[in-house]
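Participant: Listed below are the residues making up each chain.
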Amino acid sequence: MTAESAPAQPAPALLETRSLTKRFEGVIALSNLDLSVRQGSIAGLIGPNGAGKTTLFNVATGFYPPDEGTITLAGKRLQGLRPHSITALGIARTFQNIRLFANMTALENVLVGQHMHADFVARATPEEEDPEPARRFRISLGSAEHWAYRAAFPGRMLWEVLATLGRPGVVQETERVAVDRSIDLLGFVGLKGRHNEIARSLPYGDQRRLELARALATRPKLLLLDEPTAGMNPQESQEIVHLIRSIRDELGTTVLLIEHHMHVVMGVCEMITVLDYGEKIAEGPPETVQRDKRVIEAYLGTGHTGIGNGAAGG
Amino acid sequence: MRERLRNSPLVKPAADALAVAAGRAEKAYGSVPNALRLLLLAALLIGVPFYENPMGGGVIFDERWLAVFRLVGLYIMLGMGLNVVVGYAGLLDLGYVAFFATGAYLYALLASPASPAIDFPIDDVPWLFWALLPTALFVGAFAGILLGIPVLPLRGDYLAIVTLGFGEIIRLFLVNKTDFTGGSQGLYGIKAPPLPDFPGLNLTELKSTALTEWYVFIVIAVFIVAFAAARLRDSRMGRAWEAIREDEDVAEAMGIDTIKYKLMAFAMGAAIGSLGGTVFAAFQGSAIPNSFDLLVSINVVSLVVIGGMGNTSGVVLGAVILIGIPDFLRFREASDLLGFFDPLVPFADTRNWAEDLRENRFIVFGALLVAVMVLRPSGLIPSRRRQIEFAAAAEEA
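Respectively, the protein sequence lines represent chains D and E.
Each step along the first sequence adds one to the number in my numbering, with nothing skipped, and position 99 is 99.
Each step along the second sequence adds one to the number in my numbering, with nothing skipped, and position 361 is 361.
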């Protein structure tokens with residue numbers, strides 16, 4: 001199977017939405033959206049304010065249930081899952097207005113991101129990997145091991161409490177590994193040696209970096225960045241662009257980012273999707289999107305200049 | 001407004017001196033190794049009933065004192081339990097008394113001869129009390145999860161109001177479900193459980209050995225609960241609670257099952273409260289609905305808030321102030337002590353104002369609570385984290 005696949009064949013889609021729709025009391029935030037983000041790519045999501053970009057993030061991470069359509073990560077359905085389960089499947093995000101745990105240290109913030117991976121309770125989950133409709137029906141009835149897993153839930157909770165109180169070797173070891181990895185991650189985003197600083201007291205740019213480190217700590221397959229360079233000067237944004245590239249190149253994480261700084265989007269993204277009023281109006285590599293007539297209209301009304309000149313939107 | 005009050009010539013020196021003294025004490029305390037510190041403290045505390053007055057005249061702290069200390073110790077336990085819910089996980093629970101009552105009635109229903117629940121009390125089983133201590137933890141945790149499930153979607157004020165209601169429901173249930181709980185006259189006549197006597201230490205014949213035993217029991221229990229609370233705080237679970245307190249949505253987005261960990265916080269807090277209830281019923285020898293009114297919840301919340309949320313030493317100080325001092329005011333020594341201030345009090349010769357103070361202690365506490373909230377909004381001994389939080393909030397305001 002692998003031998004036949006042509007080298008030119010594009011990478012499979014990691015995140016895929018099919019006619020995804022989300023309404024808020026009459027307002028259509030996302031309308032029939034078909035979107036796919038290829039594995040290993042850095043994709044951009046742009047559009048004027050209120051175009052539905054952040055709504056898409058919120059639907060993808062499980063904060064809003066979609067009204068219609070499907071959304072899948074590597075073939076696994078995401079709708080109906082709670083946010084923490086989606087994070088466990090491999091989506092992590094940052095927020096438009098930075099939302100760190102402000103009174104915790106940088107290290108503790110990243111440790112919270114490691115929560116799932118610092119689990120000393122048995123992690124084997126018997127849940128199905130690929131819920132095809134026919135199989136899903138059987139799963140919903142439940143396999144014996146699934147029910148055994150469910151039934152053992154109080155036992156696992158009790159073990160978690162006892163292990164927390166008794167702190168046996170296995171707990172100390174997972175904790176030590178988590179701390180080491182957090183310190184590595186802080187170094188990776190450029191916060192080396194700052195792990196004991198309180199998140200609140202970090203400079204703005206470093207808070208953005210810390211948010212990145214915390215998201216990476218969940219070991220995502222897909223990283224959703226909501227305006228990662230908002231409020232930064234050109235030099236700082238350039239550094240973040242480098243960081244985003246190295247996240248993809250070194251960690252192999254697929255990135256989907258919302259951005260208003262056009263030089264960032266055009267510089268780092270390989271594929272750009274443009275939303276306007278919840279609809280996809282253009283899609284393609286930066287050069288194509290830049291010249292697209294509908295895109296220019298959406299941003300500038302009926303304009304003459306391209307949008308590659310600077311920040312558009314707000 | 002607070003700034004102005006704090007900088008006023010009357011308040012500022014006192015507030016500054018208090019802050020400096022607290023800082024120094026904390027520093028000195030922090031420089032001693034942890035295990036040694038705890039061991040020393042435990043030894044000092046357990047020795048309390050045996051301290052002899054060097055001027056003669058027997059022990060310094062007699063039964064009256066030990067009874068007060070016992071109650072203070074119990075409230076320290078309750079405070080630490082509530083601290084898990086309120087201080088660690090940030091869930092304002094005003095119905096904590098429900099779990100206290102659960103533990104108390106668990107024991108009383110089995111051990112009281114007046115119990116309508118069973119035909120004969122198991123009062124001839126000496127180890128019943130000891131068997132019920134771990135049982136109380138489990139039953140309490142279960143009650144915590146049961147009461148936690150319906151309030152899961154609620155946050156902040158709404159959570160506080162609903163839990164407040166739960167606390168009252170439990171009391172009304174105890175009063176009205178006469179055929180099960182014995183109604184408003186309660187369950188009484190519980191035989192004192194056999195506590196281990198301390199043969200090496202039991203030197204004084206001056207006081208009841210039962211109180212000494214209870215005192216030592218409570219001190220040890222407080223240390224165990226404090227240890228457990230510290231372990232819970234400094235763990236993956238504690239971190240998850242903290243993240244939930246800071247920002248529940250983001251915690252969920254970071255892969256924390258917020259439902260599970262919120263229930264876990266309710267369960268841990270309730271387990272400790274229930275343990276306290278069993279101990280309370282055992283040393284009272286009874287369980288009456290009146291002991292489980294709203295005031296217990298308020299007291300526990302107040303002592304946590306006044307002492308400093310999220311901090312064990314804060315809870316201890318809060319319990320000493322709110323529970324210990326009112327009882328102390330009843331003592332002859334208190335009148336003697338307060339007698340020094342008689343010249344300052346204009347009506348000292350016509351009224352027993354120490355007694356007035358004790359009678360009206362809730363007014364005094366109200367004023368104290370307001371004063372603490374104005375001068376040190378993060379509590380008398382706040383946790384490091386709370387200090388940062390409140391400082392930042394003040395800056396933003």
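What the hints contain is simulated information worked out from the structure, not anything from laboratory work.
Some hints could be false.
[As the list claims (entries may be wrong)] Okay, the calculated bits of chain D under chain E, using three or more residues with CB under 8 Å as the criterion: (1) 11-17; (2) 86-94; (3) 158-167; (4) 273-281.
Positions of the beta carbon are idealized from the N, C-alpha and C atoms, including for glycine.
Participant: Against this structure, judge whether each hint is valid.
Facilitator: Comparing the hints with the structure gives:
1. 11-17: violated (count 0)
2. 86-94: This one holds; 4 residues, not fewer than the three required, reach chain E with a Cβ under 8 Å.
3. 158-167: Check passed, 5 qualifying residues.
4. 273-281: violated (count 0)
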